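Dock the two chains into a complex; use the hints.
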Amino acid sequence: KAGVTQTPRYLIKTRGQQVTLSCSPISGHRSVSWYQQTPGQGLQFLFEYFSETQRNKGNFPGRFSGRQFSNSRSEMNVSTLELGDSALYLCASSPEGTVNSRQETQYFGPGTRLLVL
Amino acid sequence: GNSVTQMEGPVTLSEEAFLTINCTYTATGYPSLFWYVQYPGEGLQLLLKATKADDKGSNKGFEATYRKETTSFHLEKGSVQVSDSAVYFCALRRASQGNLIFGKGTKLSVKP
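Protein chains in written order, with my numbering: chain R, 1 to 117; chain U, 1001 to 1112.
The shape of chain U in the complex, shown without the other chains (with noise of 0.2 Å):
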């Protein structure tokens, strides 16, 4: 069946440090892929998606590349802040089924 797989956390980080969330993916076809982030508290935010092979989502410093060889989907990020502190899921969505199947979440915690 279709599955993500990602990095466990959490993940501790200096401020300016890099960030690295491994995402990967098991699915027929050719799924959108997805990175949503939630605060706490809060309900998920979209961070960037891409749609087909080789795309690259980029949203506020954040980066990820659609990699169909390597079913991979991994989250990057040169510079972290405090403020990025957050847990991060990675997310597929098929256009057969329709709904997204989410990793179990990757919490990530940047200190000063």
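Chain R on its own, in the form it takes in the complex (with noise of 0.2 Å):
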């Protein structure tokens, strides 16, 4: 099976612009989720998608948003972007379709870098 994959895996915008990133994820797989990296705050949760709806939303400000479409494929905007928004975007998938299997593993695609000068 391929792996989750992610585009573009490089970007560079300026601030005040706005960017999408695209997540597609393990075949089979329901569930996305993001993350950002960053040196200074390590890996934080942005949020989560499930059959089209954000099931669960980290503490991050409204200027983020995302969604996921009926091929559990998955999108990120970053609207409005700052400094502070450079950083590696991870996107991961799990297999799971019930409340218990949400421990299961989620697998994470190689992530995009953004830099925002």
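It is worth saying that the hints were derived from the structure and are not from the lab. Just so you know, these numbers come straight off a predicted model, no measurement behind them. Misleading hints may appear alongside valid ones.
What the hints assert, rightly or not - Label pairs and their calculated CB-CB ranges:
| no. | chain 1 | residue 1 | chain 2 | residue 2 | range |
| --- | --- | --- | --- | --- | --- |
| 1 | U | TYR1039 | R | PRO95 | 37 to 47 Å |
| 2 | U | LYS1104 | R | ARG63 | 19 to 29 Å |
| 3 | R | THR7 | U | VAL1082 | 43 to 53 Å |
| 4 | R | ASN71 | U | SER1079 | 40 to 50 Å |
| 5 | U | GLU1016 | R | GLY16 | 13 to 23 Å |
| 6 | U | SER1079 | R | ARG67 | 41 to 51 Å |
| 7 | U | LEU1013 | R | PRO95 | 33 to 43 Å |
| 8 | U | LYS1060 | R | GLY42 | 20 to 30 Å |
| 9 | U | ASP1054 | R | GLY62 | 37 to 47 Å |
| 10 | R | GLY16 | U | LYS1104 | 39 to 49 Å |
What the hints assert, rightly or not - With a cut-off of at most 20 Å between alpha-carbon atoms, the simulated SDA-like pairs for lysine to any residue come out as follows:
| no. | chain 1 | residue 1 | chain 2 | residue 2 |
| --- | --- | --- | --- | --- |
| 11 | U | LYS1107 | R | GLN37 |
| 12 | R | LYS1 | R | SER86 |
| 13 | U | LYS1077 | U | SER1003 |
| 14 | U | LYS1104 | R | SER86 |
| 15 | U | LYS1104 | R | LYS1 |
| 16 | U | LYS1104 | R | PRO39 |
| 17 | R | LYS57 | U | ALA1095 |
| 18 | U | LYS1104 | R | GLY42 |
| 19 | R | LYS57 | U | SER1003 |
| 20 | U | LYS1111 | U | LYS1068 |
| 21 | U | LYS1052 | R | ASN59 |
| 22 | U | LYS1068 | R | GLU104 |
| 23 | U | LYS1056 | R | GLU104 |
| 24 | U | LYS1107 | U | LYS1068 |
| 25 | U | LYS1107 | U | GLU1008 |
| 26 | U | LYS1056 | R | GLY62 |
| 27 | U | LYS1052 | U | ASN1022 |
| 28 | U | LYS1107 | R | LEU88 |
| 29 | U | LYS1104 | U | THR1005 |
| 30 | U | LYS1107 | R | GLU104 |
| 31 | U | LYS1104 | R | PRO110 |
| 32 | R | LYS1 | U | GLU1042 |
| 33 | U | LYS1107 | U | LYS1052 |
| 34 | U | LYS1104 | R | ARG113 |
| 35 | U | LYS1060 | U | ALA1095 |
| 36 | U | LYS1060 | U | PHE1018 |
Stated by the list, open to error - Where chain U lies over chain R, by a calculated footprint (3+ residues, C-beta under 8 Å):
| no. | segment |
| --- | --- |
| 37 | 34-47 |
| 38 | 54-61 |
| 39 | 73-84 |
Cβ atoms here follow ideal geometry from the backbone N, Cα and C, with glycine treated the same way.
See the structure below:
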């Protein structure tokens, strides 16, 4: 099976712009989560989608949003970019279908490295 | 709240040395516990996991045992190689929340 894919891999934007990142989960996986990784804050959870619905959300401002499509592919959007948004954005998928299976393994993509100038 | 604490790095070892990276957690209930590894310029790869108390996860010579009584999940390897140089993350996941909660990561450098 192909792994989690993320596009683009690298992105350079300027302050005030917006950006959209894409994630394709492993085939058959229905849950997609997004994380932000920075040297200072480490790995922080952004949001989780399951069956096109946001199921859980981390502590990020409303400039960060996401969605999931019927084929489980997901996008995240950051509007009005700030310098502090420079980070590696990681997408992870897992197969779960029940509440109890939300403890299953999440499989990560290679990430999108965003640089805001 | 839920949290993961792992030993600060960097850790520098010689090849064939014994490795221990400590990880303790705070969580209600019975979370699943994970070790992920990140090589330079890459995403996270699952190294091993354990889903209940006393379970031992193992992979590629690495081991970790889910200790409920000490709320720990320490990573060990008997003989490290240069290729093990990477950043290691301990994480937990609870069914009620679904997201992974990570420790800050431990950078391991193995010298030949």
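* Asked: Within 20 Å, alpha carbon to alpha carbon, are U/LYS1060 and U/ALA1095?
  -> Judged against 20 Å, a Cα distance of about 27 Å means the pair is violated.
* Asked: Quick one, are U/LYS1052 and R/ASN59 close enough, alpha carbons at most 20 Å?
  -> violated, 28 Å
* Given the hint that U/LYS1104 pairs with R/PRO110, test it: the Cα-Cα distance must not exceed 20 Å. => holds, 19 Å
* Would you say the C-beta atoms of U/GLU1016 and R/GLY16 sit inside 13 to 23 Å of each other? -> Hint violated: Cβ distance 53 Å, outside 13 to 23 Å.
* Is it true that the CA of U/LYS1111 sits at most 20 Å from the CA of U/LYS1068? -> violated, 34 Å
* To do: Verify the proposed pairing of U/LYS1107 with R/GLU104, using a straight-line Cα cut of 20 Å.
  => violated, 25 Å
* Asked: For the pair supplied as a hint, U/LYS1104 and R/ARG113, is the alpha-carbon distance within the 20 Å limit?
  -> holds, 19 Å
* To do: Starting from U/LYS1104, check that the Cα of R/PRO39 is at most 20 Å away, please.
  => holds, 9 Å
* **Holds or violated: U/LYS1068 to R/GLU104, with C-alpha atoms at most 20 Å apart** => holds, 19 Å
* Restraint status (C-alpha distance of U/LYS1104 to R/GLY42 at most 20 Å) -> The hint holds at about 6 Å.
* **Straight-line alpha-carbon gap U/LYS1107 to R/LEU88, limit 20 Å** => holds, 17 Å
* **Hinted pair R/LYS57 and U/ALA1095, Cα distance within 20 Å** => Roughly 14 Å between the alpha carbons, so the hint for R/LYS57 and U/ALA1095 holds.
Hint violations for this structure: numbers 1, 3, 5, 10, 12, 13, 15, 20, 21, 24, 26, 30, 33, 35 and 39, all remaining hints satisfied.
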